[in-house]
Amino acid sequence: MSIIRGRAWKYGDDVNTDVIFPGKYTYTVTDPKEMAKVAMEDLDPRFAREVQPGDVVVGGKNFGCGSSREQAAFCLKYAGVGAVIAKSFSRLYFRNCINAGLPAIQCPEAVEAIQDGQSVEVDLKAGLVRVGSKSFSFPPLPPEVIGIFEAGGLIPFTRKRLGLE
Amino acid sequence: MGKTFAEKVLGRKAGKEVVAGEIVEVTPDVAMSHDNTAAIAKTFYSIGVEKVYNPDMHVVILDHCVPAANEKFALNHKEVREFVARQGITHFYDIHRGICHQVLPEEGFALPGELIVGSDSHSTTYGAFGAFATGIGRSEMAVIFATGKIWLRVPETMRIVVTGDLPEGISAKDVMLHIIGKLTADGALYKAVEFTGPTIRQMSIASRMVLTNMAVEMGAKIGYVEPDDKTLAWLEGRARRPFEVVTSDPDALIEEEHVFDVSNLEPMVACPHTVDNVKPVREVKGVKVHQVFFGSCTNGRLEDFAEVVKVLRGRRIHPSTRMIVIPASQQVLKEALAAGYIAALVEAGAVIVNPGCGPCMGNHEGILAPGEVTLSTSNRNFKGRFGCKEAEIYLASPRTAAATALTGTITDFREVV
Chain D
16 MSIIRGRAWK YGDDVNTDVI FPGKYTYTVT DPKEMAKVAM EDLDPRFARE VQPGDVVVGG
76 KNFGCGSSRE QAAFCLKYAG VGAVIAKSFS RLYFRNCINA GLPAIQCPEA VEAIQDGQSV
136 EVDLKAGLVR VGSKSFSFPP LPPEVIGIFE AGGLIPFTRK RLGLE
Chain Y
106 MGKTFAEKVL GRKAGKEVVA GEIVEVTPDV AMSHDNTAAI AKTFYSIGVE KVYNPDMHVV
166 ILDHCVPAAN EKFALNHKEV REFVARQGIT HFYDIHRGIC HQVLPEEGFA LPGELIVGSD
226 SHSTTYGAFG AFATGIGRSE MAVIFATGKI WLRVPETMRI VVTGDLPEGI SAKDVMLHII
286 GKLTADGALY KAVEFTGPTI RQMSIASRMV LTNMAVEMGA KIGYVEPDDK TLAWLEGRAR
346 RPFEVVTSDP DALIEEEHVF DVSNLEPMVA CPHTVDNVKP VREVKGVKVH QVFFGSCTNG
406 RLEDFAEVVK VLRGRRIHPS TRMIVIPASQ QVLKEALAAG YIAALVEAGA VIVNPGCGPC
466 MGNHEGILAP GEVTLSTSNR NFKGRFGCKE AEIYLASPRT AAATALTGTI TDFREVV
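So the sequence lines, in the order shown, correspond to chains D and Y.
Here the first sequence is numbered in my numbering, starting from 16 and rising by one per residue.
Here the second sequence is numbered in my numbering, starting from 106 and rising by one per residue.
Everything labelled a hint here was simulated from the structure, so no lab data went into it.
Possibly wrong hints are sitting among the right ones.
Stated by the list, open to error - According to the in silico footprint, chain Y covers these stretches of chain D (three or more CB under 8 Å from chain Y):
1. 40-49
2. 92-106
3. 168-174
Stated by the list, open to error - Keeping only pairs whose Cα atoms sit at most 30 Å apart, straight-line, the calculated DSSO-like set for lysine-lysine is:
4. Y/Lys254 <-> D/Lys92
5. Y/Lys254 <-> D/Lys140
6. Y/Lys488 <-> D/Lys92
7. D/Lys102 <-> Y/Lys488
8. Y/Lys177 <-> Y/Lys118
9. Y/Lys118 <-> D/Lys48
10. Y/Lys183 <-> D/Lys48
11. D/Lys175 <-> Y/Lys488
12. Y/Lys118 <-> D/Lys92
13. D/Lys92 <-> Y/Lys183
14. D/Lys48 <-> Y/Lys384
15. Y/Lys287 <-> D/Lys25
16. Y/Lys488 <-> D/Lys25
17. Y/Lys287 <-> D/Lys175
18. Y/Lys147 <-> D/Lys48
19. D/Lys25 <-> Y/Lys384
20. Y/Lys254 <-> Y/Lys113
21. Y/Lys147 <-> Y/Lys287
22. D/Lys102 <-> Y/Lys183
We put the beta carbon where it would ideally sit given N, CA and C, even for glycine.
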């Protein structure tokens with residue numbers, strides 16, 4: 016699906032992996048449904064209860080800093096999040112998003128324009144974030160990794176590559 | 106134009122000349138995973154591959170919740186043991202050995218010029234030995250188990266030059282907190298950070314590990330210290346195989362350079378809830394602390410024990426403060442026992458815990474209660490890090506931790522010696 020539509024959940028700078036998916040759950044919460052239930056637990060207790068499919072998480076700079084914990088990307092995907100838009104991403108979080116098949120969009124101008132709770136549309140093919148009457152373009156993924164994302168994540172990509180699909 | 110360390114190592118692995126910004130597919134020399142190996146194994150099998158690509162490439166070290174805190178953790182460990190046995194992974198260290206970032210170098214796997222990936226963000230630590238070492242996610246590690254390969258972007262290089270003689274008792278941790286405070290939590294985003302300068306050359310290997318360990322806290326992809334005689338002496342008798350020292354050419358492109366003169370540096374502390382919220386200890390002194398945690402992959406080594414014992418030997422920690430001590434490895438524990446450090450800390454009223462990550466990830470061995478404050482020698486003070494989001498975490502050096510345990514409040518160690 017190249018068009019994502021939903022409400023924005025807007026947060027600040029340096030949102031870290033621990034507040035997205037607490038460390039204490041790293042070895043105890045592994046089921047996708049359970050992971051979705053604890054998403055953002057230490058940042059915003061409303062999030063997991065109220066998030067709707069297609070909703071967009073919006074962060075400031077250095078989104079996802081901290082741990083290599085990829086559950087911090089997967090829990091948002093399992094919670095139905097359509098995309099994460101940020102001013103910048105930590106490198107590990109950005110990789111984990113690609114590997115989870117969750118669009119991680121770096122677009123500082125869109126972040127500035129988006130208000131919490133506002134409707135946002137992301138057009139992945141066109142490389143545009145639409146907010147109200149405005150639209151903001153974002154750079155495409157590097158060609159070397161676009162295949163991973165398009166396959167739905169690193170695991171399906173690898174299965175395809177190894178001829179196991 | 107010459108090549109940077111990062112360009113050389115990734116170029117050699119990719120089998121071609123590369124420049125910063127390129128994406129390459131490479132096979133690491135070493136791939137480390139820890140308690141998360143059970144989850145990685147499940148993902149690995151979900152790919153549809155039965156046998157690991159190269160069992161010899163992998164090092165598996167149990168450390169994140171050792172011994173197991175409950176049945177779930179025990180089952181996790183059991184699955185790791187079954188996986189390594191089934192796959193013939195011989196470089197396996199069970200719950201007795203210590204924290205991965207300490208054990209992997211101790212066992213001679215952290216070698217100059219090699220490419221090391223670990224499914225843990227603090228894998229940057231191995232750059233203290235001149236390795237290109239970075240953290241990766243679980244799925245990526247599962248794919249390395251299956252295919253031996255990973256994609257990596259060749260990072261741009263930032264140089265951090267540290268000059269000046271450190272004042273008495275001021276440590277690598279104070280230096281690193283100072284640098285992160287100045288450059289901020291995304292100041293080195295995606296960068297290969299090379300630590301250099303006379304102060305770094307004077308530092309011990311253990312101190313250099315503090316810098317590369319925390320490089321990721323300012324967003325770096327790798328931290329690196331150019332190997333010197335100290336590095337080679339440390340590796341003597343430890344290195345698993347011959348290695349080649351790789352360094353940046355003098356005319357390589359260094360994108361940014363920052364110079365820090367530390368000759369007047371004071372004890373520093375990172376305040377809740379971000380690592381870059383750094384202040385001199387004097388600005389927060391007097392804050393009541395319920396628990397001091399001395400340990401972790403940042404500061405749980407023998408030289409850290411020496412610092413702590415300098416303050417606490419023959420004294421008692423404050424009755425309203427508890428102190429948790431976790432050596433970084435069994436090797437460190439043995440040396441600390443031989444040096445009399447453990448006895449001194451027990452006499453002082455500290456609680457000694459099995460080598461491992463302890464409370465740092467919020468699993469066990471020193472979880473905080475709501476409203477409690479801890480001062481820790483670890484590397485992260487994120488909300489919830491010690492298992493409770495209504496607790497506060499300060500980060501500081503071992504000597505500051507010892508002084509704080511002594512008085513029960515955040516203390517400048519120079520006031521208690």
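Exercise. Holds or violated: are the alpha carbons of Y/Lys177 and Y/Lys118 at most 30 Å from each other?
Worked result: violated, 39 Å
Exercise. Can the restraint linking D/Lys48 and Y/Lys384 be considered satisfied, given a maximum Cα separation of 30 Å?
Worked result: Violated, at about 41 Å.
Exercise. Do the alpha carbons of Y/Lys287 and D/Lys25 lie within 30 Å of each other, as the hint requires?
Worked result: holds, 27 Å
Exercise. Quick one, are Y/Lys183 and D/Lys48 close enough, alpha carbons at most 30 Å?
Worked result: Status holds; Cα separation ~24 Å.
Exercise. Is it true that the CA of Y/Lys118 sits at most 30 Å from the CA of D/Lys92?
Worked result: violated, 33 Å
Problem set entry | Distance restraint between Y/Lys147 and D/Lys48, which requires alpha-carbon spacing of 30 Å or less | holds, 17 Å
Exercise. Between Y/Lys254 and D/Lys92, is the straight-line Cα distance small enough, at 30 Å or below?
Worked result: holds, 25 Å
Exercise. Is it true that the CA of D/Lys102 sits at most 30 Å from the CA of Y/Lys183?
Worked result: violated, 42 Å
For this session: Would you mind confirming whether the straight-line C-alpha gap from D/Lys25 to Y/Lys384 stays at or under 30 Å?
Result: holds, 29 Å
Exercise. Going straight from one Cα to the other, do Y/Lys287 and D/Lys175 come out at no more than 30 Å?
Worked result: Cα-Cα ~45 Å, so violated.
Problem set entry | 30 Å limit on alpha-carbon distance, applied to hinted pair D/Lys175 and Y/Lys488 | Given that 30 Å is the threshold and the Cα spacing comes to 39 Å, the pair is violated.
Problem set entry | Restraint check for Y/Lys488 with D/Lys25, where alpha carbons must lie at most 30 Å apart | With Cα atoms ~18 Å apart, Y/Lys488 and D/Lys25 stay inside 30 Å; holds.
Checked against the numbered hints above, the structure breaks hints 8, 9, 11, 12, 14, 17, 21 and 22 and satisfies the rest.
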